[in-house]
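Trainee: Can you make the complete structure from the sequences, with help from the hints?
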Amino acid sequence: MDRNIIACILLIALAALPVPARARESLSLVVTANLEGRASLGMEEEENDFLLKLGQSLIHEKGRGRAELYLDLGNAFYPGALSRFSFGSVMMDFFGFFDCAATLISSQDMRIGVNNLDFVKHNRKTRLLSANIVRRDTPVFLPYFIHGKGDASIAFVGLSSKKILVDIAEKNIFRFELADHAASLKKTAELAKNEGARHVVVLSGLSTKDNIGILKEFPGIDLVVAGGDNSGGMYGSGLNRIDLERGRSIVLLPDKNAYYTLQLDIGERISVAGFQRNDIAARRTADPRYRGFADRFALWKKEYAQEGVKVIGSAGKGEYAIDNARTANLLRDRYNAEVAILGSGTMRGETLKGDIRQYDINDLCNDEYPVFIYFLKGSQLQSLAASPGDLIFSGLSGGMIQGYAVNPARSYRIVSTQSVYDQAKRKIGAAPKFRNTWTGIPDLIGKDIRGEKVLFRDDYGYLERRLRATLDLQLSNFFDLLGVVADRDFSSPGGPSSSYQQWGMENNVVLNVYNRYHRFIINPYMNYVQTKQEVVDPETGEKKTETLMVQNLLRGIFEYRLNYFTYVNPYHKSQVDTVVKRDEYGDRPAFIREVVGASFLYRELEGKLGAGFERQVHDPKKEPVYGLEAFLAWKYDFWTKFSYTIKLDSFIAKTSNKEGEGGHIRSEITNGLRIRMTDNIGLSLKYRWYYYRSDIEDKSYSYRQFLTSLDLKTDFKVY
Amino acid sequence: MVDYFHRGAVESTKTYRIHTNDGRRTMKVLPAIAALLLVVSCKTLTTSECQRLNEELNSENRLLNRKVTMVTRQNSVYVEENLICKRDLDLKTAQHEKLRGDMESMERKLKGDIALLEQKYQNLQEKNRILEAQSSEKIKELTELNKQMEKKLGDEIAALHAAAKKSAEDYSREKEQMMLQAARRDFENSKQVEELKKTVAAREAEVSDLKTAGADLSMKLAESKKSLDEAGVSMKNLEAGMARLRADLAAMEKERNDLRDALERKSAPQPEGGAKPSESQPVK
Chain A
1 MDRNIIACIL LIALAALPVP ARARESLSLV VTANLEGRAS LGMEEEENDF
51 LLKLGQSLIH EKGRGRAELY LDLGNAFYPG ALSRFSFGSV MMDFFGFFDC
101 AATLISSQDM RIGVNNLDFV KHNRKTRLLS ANIVRRDTPV FLPYFIHGKG
151 DASIAFVGLS SKKILVDIAE KNIFRFELAD HAASLKKTAE LAKNEGARHV
201 VVLSGLSTKD NIGILKEFPG IDLVVAGGDN SGGMYGSGLN RIDLERGRSI
251 VLLPDKNAYY TLQLDIGERI SVAGFQRNDI AARRTADPRY RGFADRFALW
301 KKEYAQEGVK VIGSAGKGEY AIDNARTANL LRDRYNAEVA ILGSGTMRGE
351 TLKGDIRQYD INDLCNDEYP VFIYFLKGSQ LQSLAASPGD LIFSGLSGGM
401 IQGYAVNPAR SYRIVSTQSV YDQAKRKIGA APKFRNTWTG IPDLIGKDIR
451 GEKVLFRDDY GYLERRLRAT LDLQLSNFFD LLGVVADRDF SSPGGPSSSY
501 QQWGMENNVV LNVYNRYHRF IINPYMNYVQ TKQEVVDPET GEKKTETLMV
551 QNLLRGIFEY RLNYFTYVNP YHKSQVDTVV KRDEYGDRPA FIREVVGASF
601 LYRELEGKLG AGFERQVHDP KKEPVYGLEA FLAWKYDFWT KFSYTIKLDS
651 FIAKTSNKEG EGGHIRSEIT NGLRIRMTDN IGLSLKYRWY YYRSDIEDKS
701 YSYRQFLTSL DLKTDFKVY
Chain B
1 MVDYFHRGAV ESTKTYRIHT NDGRRTMKVL PAIAALLLVV SCKTLTTSEC
51 QRLNEELNSE NRLLNRKVTM VTRQNSVYVE ENLICKRDLD LKTAQHEKLR
101 GDMESMERKL KGDIALLEQK YQNLQEKNRI LEAQSSEKIK ELTELNKQME
151 KKLGDEIAAL HAAAKKSAED YSREKEQMML QAARRDFENS KQVEELKKTV
201 AAREAEVSDL KTAGADLSMK LAESKKSLDE AGVSMKNLEA GMARLRADLA
251 AMEKERNDLR DALERKSAPQ PEGGAKPSES QPVK
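Residue numbers (our numbering), protein chains in the order written: chain A, 1 to 719; chain B, 1 to 284.
To be clear, the hints were calculated from the coordinates, so they are not data collected in a lab. Using N, Cα and C, we set each Cβ at its ideal position, and we do this for glycine too. Do not take every clue at face value.
DSS-like cross-link-like pairs, simulated, lysine-lysine; straight-line CA separation at most 27 angstroms [unchecked claim]:
no., chain 1, residue 1, chain 2, residue 2
1, A, Lys121, B, Lys92
2, A, Lys635, A, Lys717
3, A, Lys581, A, Lys162
4, B, Lys86, A, Lys125
5, A, Lys302, B, Lys92
Across the chosen pairs, the derived CB separations fall in these ranges [unchecked claim]:
no., chain 1, residue 1, chain 2, residue 2, range
6, A, Ala298, B, Leu99, 56 to 62 angstroms
7, B, Ala34, A, Ile675, 35 to 41 angstroms
8, A, Asn278, B, Leu99, 43 to 49 angstroms
9, A, Lys186, B, Ala34, 53 to 59 angstroms
Mentor: This is the structure we're talking about:
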């Protein structure tokens, strides 16, 4: 009993003792971002090379005791020529020699390829961090690492930005994808805590908005270090620090030409005690780590020079800036595309002249993703061109392609790299099917320089003069069969009295062969409706079938249009109208119309005014009548799937000949409403009014027709 | 209405009968259609599968190509680095060997040198001993010599002191006599100066009288000069009058000559055929 009492007293006394406060620690970090593999290619002096100067500065900071831990915030491997050439090895060497603990995987780094990054990280101290690049929910890279300082142990978690783009080949084979960053962070932070980490610091390439969201969602996280794909830009200015309540901070690294030193105060929580931007400056050092890197670096440069010194072609006497425009034209030429789309920073605009060596073309391009060919609807292309961004369109100018206004319903052949395709996909909200050429722009340029040298042309007008063809089929058919079996003079009230069979078709085929300046249109048209009705002779009661041709028109149009001026251009039209089947007299009358005039086109409004003649050339042959042709058509698309069209086609003639004096007028007005059910099938409602009057014969003829039909409407393009 | 539907029914019955009547043919056709459908569906499946495989192969090809290029380049760099390391190692090994040889030869040389030096040392020690003995004798001699020389020098110094004292006494005596003579001469000179001063004063008085007489003479001279000047002026006036008279005289002389000439010409006979009066007579 006494013992128990003593034990209780001891326990109470122990509990009453003040808990020793956790010892405060401080940690000094050096942080870099967006190094972009910037290394000179020549054997310059060590004081002039960006990477070597940075190395000297890092050694200097270590010497001053301000670099206990070195971290990189991403975009370190790309697009520097030497880093690309070595597939990131040079930068991994740099990180290795200068004791970089980890680098965050960012969008530019992915251009080296996950597979290659995975390879270069073997047997290296530097960790590649990303918690949200996953394969089947498992991070591909290391999601975090723990750094201990005294009592403190801090988990550094890497979160890659949403700009990450996985190469199509890796996507196909490894199924890499970008997971939700918040879910990945939650999972990773738990793992780190379980491993004994007391604090979590996020290394993030996400946007500032996302980073603030992280601090809101995860109250246990006190610090986000943002860099790489987040360059700190906000409302056009650079941010380098955002402080939230309770000493929680986001620090950003907006200057890629500097390095930052970060002083952390670590107690119960982590707070930023100091954050400073430092210039990268040459500082002579004899440190063996620096010497080791400088020697390895020199070897990479030598290797690059050896491989790149091979002459692969010649630019002749000219000088050519290989910019986005030239490269886009090369893509259009190679893949026969109507439009080429490139990101604004795709080409560096380097100049080629004289003998061209491999290393001249190694550094021309910042986008090595494979080239895709795909088709976009005109409407998609218009929305893509109108959307904000830095895409450059070649072949699309002022809303026109090859001199013709973009037709929202028609498909256009597009060529771009995978990265642009992905951007386009996001912007138009659709994933058009694509053909992967498995060739990147650098390879294409190399082949071109060795071969045809399309890149060095002064004039790319031939791309606009390439002939293309479109074929539009509009087929409307109907068939109506009614059979009546009834006793004589007997029928059901409201029911048909006799059997009939009615079928008809209105088929329109338009073949357009065109280039920038010329357009040939071949347009066969057939409108045929036939009714066979059983008629009972009232006297004999005998049944016989009468055939009535309601519509019997076969028309052929050949038209040529010059497409030189913006709105008004000359045209010539030859038209032949005849019948599908001979008429009740066994005749096959035929008219021809020859017209020359001016056509007008403004957006969806098309008009033609021409002068010429019309002549009945068969059954019977008549004298020509001269007159004017007027044509007006307007199309209006609305509610996505609806379109309304109105079309007026008339020929007014006045002439005098041996048959008499006077003229005639032939006019047709068609109103149509089309509801598109699928891309190719639609329901059409048409109202047509036709009027014909001959002054010579002093007779008039007109009909009205209302048609409801299911249309098959397809458009084909021949490239 | 009934008829209409009835006809339709009949027609469909007819259709059914056609099939049932030709049952064996139908039985043959159906498996064929099924087989055709199977073939078509299998073909479709194969094509899409092929496309997928093709994509995967292309992807793998791209990845492997990139990886092979990367590995080749890395390998090339490492091979070169390895070669450099090997070369450095060989160089250092050779240096090491050379240094070891050098060290051994130096060791040998050093041993010889040490033996030689030891011998030299012993010889020197012997020499030193002999020299030490010789030098103590010499020191004794020199000490004696030194003493003698010190004594000699002391005597010479005393003699010099006595001579110096005597010459100082002679000098002071001579100086005293010279000072006496100078005082006597000075007295005489002063006396002469006084006399000369008196003479000068007398002379100065004479000069003053002479000056006064000179001033009177100067005044008289000035008056004489003035009279002379006035006489000069009168003379000049007289000379001017005389000059005028002489000029008048000359003019009168000339007039008289002219008149004489004129009279002579009038008195002389006129020659024949002489010049016309208009030619010879001067016009006045």
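Trainee: Straight-line Cα separation of A/Lys302 and B/Lys92 no greater than 27 angstroms?
Mentor: Distance ~24 angstroms between A/Lys302 and B/Lys92 Cα, so the pair holds.
Trainee: Given the hinted pair A/Lys635 and A/Lys717, is their Cα-Cα distance within 27 angstroms?
Mentor: holds, 21 angstroms
Trainee: Holds or violated: the 35 to 41 angstroms window for the beta-carbon distance between B/Ala34 and A/Ile675?
Mentor: holds, 39 angstroms
Trainee: Could you grab the alpha-carbon distance between A/Lys121 and B/Lys92 and see if it respects the 27 angstroms cut-off?
Mentor: violated, 32 angstroms
Trainee: Indicate whether the distance between the beta carbons of A/Ala298 and B/Leu99 respects the range 56 to 62 angstroms.
Mentor: At roughly 29 angstroms between Cβ atoms, B/Leu99 and A/Ala298 fall outside 56 to 62 angstroms, so the hint is violated.
Trainee: Do the beta carbons of A/Asn278 and B/Leu99 sit within 43 to 49 angstroms of each other?
Mentor: Since A/Asn278 and B/Leu99 have Cβ atoms about 45 angstroms apart, the given range 43 to 49 angstroms holds.
Trainee: Is the gap between the beta carbons of A/Lys186 and B/Ala34 within 53 to 59 angstroms?
Mentor: Check passed, 54 angstroms falls within 53 to 59 angstroms.
Trainee: Does the alpha-carbon distance linking A/Lys581 and A/Lys162 stay inside the 27 angstroms limit?
Mentor: Violated - the C-alpha atoms of A/Lys162 and A/Lys581 are around 66 angstroms apart, more than 27 angstroms.
Trainee: Checking one constraint from the list: CA of B/Lys86 to CA of A/Lys125, max 27 angstroms. Satisfied?
Mentor: Within the cut-off at roughly 25 angstroms; holds.
The structure is inconsistent with the numbered hints 1, 3, 6, although it conforms to all the rest.
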